[in-house]
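Student: Top line first, the protein sequences correspond to chains A and B.
Quick note, the first sequence lines up with residues 1 to 290 if you use full-length UniProt numbering.
Quick note, the second sequence lines up with residues 1 to 387 if you use full-length UniProt numbering.
No lab work stands behind these hints: they were computed from the structure.
Using 25 Å as the maximum straight-line C-alpha spacing, the simulated BS3-like pairs for lysine-lysine come out as follows:
#1 B:Lys146 - A:Lys113
#2 B:Lys56 - B:Lys143
#3 A:Lys113 - A:Lys62
#4 B:Lys146 - A:Lys107
#5 A:Lys285 - B:Lys372
#6 B:Lys56 - B:Lys23
#7 B:Lys162 - B:Lys215
#8 A:Lys144 - A:Lys285
#9 B:Lys337 - B:Lys247
#10 A:Lys107 - B:Lys2
#11 B:Lys162 - A:Lys107
#12 B:Lys254 - B:Lys2
#13 B:Lys227 - A:Lys107
#14 B:Lys2 - B:Lys95
#15 B:Lys386 - B:Lys342
#16 A:Lys144 - A:Lys193
#17 A:Lys144 - B:Lys372
#18 B:Lys277 - A:Lys267
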Amino acid sequence: MSIWVDASTRVLVQGITGREGQFHTRQCVAYGTKVVAGVTPGKGGQDVDGIPVFNTVEQAVKETGANCSMIFVPPPFAADAILEAVDAGVALIVAITEGIPVQDMLKVKNYLKGSGSRLIGPNCPGIITPGQCKVGIMPGPIHKPGPVGVVSRSGTLTYEVVHQLTLQGIGQSTCVGIGGDPVNGTNFIDCLKAFQDDPQTQAIVMVGEIGGSAEEEAARFISERVTKPVVGFVAGLTAPPGRRMGHAGAIISGSSGTAQGKIEAMKKAGITVVENLGELGRICKETFGL
Amino acid sequence: MKIHEYQAKELFQKYGVPIPRGKVAFTVEEAEAAAAELGTLPVVIKAQIHAGGRGKGGGVKLARTAQEVASVAGSILGMTLVTHQTGPEGRLVRKVLVEEGLEIEKELYLSLLPDRATATIVLMASEAGGMDIEEVAATTPEKIVKVHVDPLLGLQPFMARKLAYGLHLDADLVKLFIPMVNALYRLCTDYDCSLLEINPLVITKDRRILALDAKVNFDDNALFRHKDILAYRDLDEEDPLEVEASKYNLNYIKMDGNIGNMVNGAGLAMATMDIIKLAGAEPANFLDVGGGASAEMVENGFRIILSDPNVKGVLINIFGGILRCDVLAQGVVEATKKVDVKVPVVIRMEGTNVEQGREILEKSGLNLIVAKDLSDAAEKIAAIAKA
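Chain A on its own, in the form it takes in the complex (with noise of 0.2 Å):
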C-alpha cells in the first residue's frame, strides 16, 4: 500500500514536448513510470521516445486510460492546464510548475471543489512511491520503498529528508510535495488523514516552513486523529518577516507565519520537533523504533 500513487497509475504528460517536461518524463519512465501519453496542444499524433503525444487531455485520457496528470506548462499558461485535466476528469493533477499568479490559483481551487480530482502542488517536486511510481522531479534513488510517509511544501530539502531517512535504514511509504505556493491544490491534513488511513505507513515526517497557518492546523488535526508517530520539522527560524524567502507561499505576514509559532503548535500536539536538520534521520529513527 501507498498513498495516491502505485505501479498501476498511468500518468500522462502535460507539456511533454519542452525541455522540462521531456528530461523529466524519461527520468520517470527510467523509475519504471507508465507513462502513456504526453499533451501539448499542436503537436498531437506526434511521439516522445515512443509516447504518444495529443492535443487536449480529454483525448489522451480517453484514449490512453491516463488516470494522473504531471505538468510542466509554463505558468503563465499553467493554471489553464490544471483546468483542462480537471474537466477531464483526471484524479490525480500533479503540477510542478514554479510561479503561477495567486489569483489563478485561486480561480482554480475554487474549480477543484466538488470535482472527482486532487491538485498536489503547483510549485512542488512532486509525488513517490518508492520502487513503484515516481511523478515529479525528484532524484530517484535516494528512496526506499519502507513504512515512513513523507509530507513537504518544499523540494530539496524534502530530499535531504528522505536521504537521511534511507541513510539510517527507513524507507518510505508515500513521499509528498505539497508545494511552496500559498494557495495549492493538496495541504498537510489531506496527506496526514491519507498516510494515517494507509496501513503501510508507521510514521510520518512532516516538513513545514514560514508562512500561512498549514502546519498550525496540521499541528491540531494530529493531535485530535492520528495515533501514528510524527516527526516534524520548521525552516526559516532566521527568515525576517515581511520577506520573500524563495517560495511564494514563505512570508511573514506581522506576526503570523513564524517557525517559532509552527514549531511551538507542532509540540504542543505531541510531535517531536527536530531543530537541527543534521539530526532529523537520528531523531527518526529513535522516534520511530524503526
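Take the given structure of chain A and dock chain B to it, following the hints.
Tutor: Quick look at chain B alone, frame taken from chain A:
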C-alpha cells in the same frame, strides 16, 4: 512588488476611487508649485517610501502657509526616515506627495487581499481606522467585518452591503461606499494585487468618502501580464545587491550576519540559515540558486555574496539530485577561480556521485573546505566566523 502611495492613488483615480487632490514633488520648488496649483491651505506633505509607519516617523506633516510648505517639504525631502518597517538604517526620502488638507469626521479601514487559507479574496473593513489592523484584530476583533469572495463568482452586491452596514454608514455614505468597493475589487483582480489597503479611509465633514492613504502590492508572479505596473518599480527602494541578484534570476535577500551561504532550493536555504545560527554564527544572506544550481548560477552567487563586505566565509550547501555532484563540484571550482574568492568556503554536498565531487573539491588546491554532513558544515563555518 510594492509601489508608492502616489502611484497607488493614480490607479485609484483610474478606477474612480475618490482620493484627495494632490501631486508628487521631487524638490522643494516642485512642492511649492504643487501646493500653489492645489490652491488650498493647509496641505499635507507625505514622504513617499515603500514602508509603513511614515506618520509616526515624522514623514507626514501639515503645512498651513506657503512658507510652511517650503520648510516642511525641505525638512522631509532628503531626510532618512526611520519607521518600524524600514529597520534602524531608515530610508532616504526622495519624493513627497503634496495633498489638500481635509476636514475629517471619521477614519475607517478597508483592505482586499487573496486569502491563502480559504482560497478567496477577502475584504476587510473596520471602524477602527488609522490603527494597525493586526492590533485591532487582536484586541477588538468584533470591530472587523469581513467578506470572502469566491473569485469564480466575483463580488456580489450583498457582500458590499454587508461591509457598508458593518461600518454603520449612513444611507448617503452607503451610496458612495458601494461603487467604491466594487471599483477596488475590480482593481484587485485586474492587476493581481497581493494587497490593497486603505488606512485610513476617511469620511469628511462635507460627507464624502476618500482614500486618504493607499497601499497596493502586486503578485510578482503575475507581473508578466502587467507591463504598465513594472514601470512603477522604484529601484531606489530596493537593496542594490538584491537588484543585482534579480538580474541573474537569483533569489537573494541580504541579512545582517557575516556568513554568506548559497543553497539550491528555498526550503533547504532557509534550513541552512537556521543551522548557521544554531552553530553560533549569523547568516549574511538568503540565497537560493535554484533546484538545478548550474556552474553559472554558482559563479553569479559568489559575486553577489562577496559584494557584501561583512562576509567572512561562505557555506555552500547543495543537494545534488538530478544534477550530479561531480558536475557541480567542477562548477564550484571554476567559479571560485573565476571570481577570485578570498574568504574560506565550506562546501557540503550530498546526492548522486558525491564521492567524485568531494575528490574534485579536495584536489582543486583552492581554499575549499569539504564538510562531511550538515552538522559538520555548520561547525566548520561557525569556527570561521569566530576566528
